[in-house]
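Go ahead and model the full structure; you've got the sequences and the hints to work with.
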Amino acid sequence: RICISIQVMKIYAKEISKMSKIILTGDRPTGRLHVGHYVGSLKERVKLQNSGEYDEIYIMIADAQALTDNAEQNIMNVALDYLACGIDPEKCHIFIQSMVPELTELTFYYMNLVTVSRVQRNPTVKAEIQQRNFEASIPVGFFCYPISQAADITAFRATTVPVGEDQMPMIEQCKEIVISWKLYLLI
Numbered sequence: 006r007i008c009i010s011i012q013v014m015k016i017y018a019k020e021i022s023k024m025s026k027i028i029l030t031g032d033r034p035t036g037r038l039h040v041g042h043y044v045g046s047l048k049e050r051v052k053l054q055n056s057g058e059y060d061e062i063y064i065m066i067a068d069a070q071a072l073t074d075n076a077e078q079n080i081m082n083v084a085l086d087y088l089a090c091g092i093d094p095e096k097c098h099i100f101i102q103s104m105v106p107e108l109t110e111l112t113f114y115y116m117n118l119v120t121v122s123r124v125q126r127n128p129t130v131k132a133e134i135q136q137r138n139f140e141a142s143i144p145v146g147f148f149c150y151p152i153s154q155a156a157d158i159t160a161f162r163a164t165t166v167p168v169g170e171d172q173m174p175m176i177e178q179c180k181e182i183v184i185s186w187k188l189y190l191l192i
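Read left to right, the sequence shown gives residues 6 to 192 (the numbering used here).
Simulated from the structure, these hints should not be mistaken for lab results.
One thing to keep in mind: the hints can contain errors.
[Stated by the list, open to error] PhoX-like mimics (lysine-lysine), calculated; alpha carbons at most 20 Å apart, straight line: (1) Lys52 to Lys131; (2) Lys131 to Lys26; (3) Lys26 to Lys180; (4) Lys26 to Lys52; (5) Lys52 to Lys96.
Pasting the structure below:
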């Protein structure tokens, strides 16, 4: 058993060393981007795209995660703001989340691996529920946000996901989902 584990770890280490360096980042189109977005993340994205350190850079307009925020009318504004701040479509793939149906499909599969109580314990979800005054009228899709984020990250095989401190619980939940998914596939 130990020999098999060591062999598996060696194979896994080789795979990791071959992995492309891929960034996935993005914004929910809740309105026009502003100076806070620029200072908080956009300036860094431009720096990363120009660094040459990454094989692929994906910048997502996460409209499916913003349906409760009138996302549709803001999609074009966010895309234009990306270009205005220096995001170069020759160096980055800018895409609209809802235009990639595989993300919805993967989210559906992942939803069967996460309990409602686990999502409710997520500090980021708790904070957003309070902030939006959802109380007992929480849209089901809102609960899927951390699960959808996990699907986005894993579908693009992102090795780097720049997030703020407030998003760290989402990343932890993503790790849990990936472990559950791998275990599910082994059964």
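For each hint, the structure was consulted:
no. : hint            : verdict
1   : Lys52 to Lys131 : 33 Å, violated
2   : Lys131 to Lys26 : 32 Å, violated
3   : Lys26 to Lys180 : 18 Å, holds
4   : Lys26 to Lys52  : 15 Å, holds
5   : Lys52 to Lys96  : 11 Å, holds
Checked against the numbered hints given earlier, this structure breaks hints 1 and 2; the rest are met.
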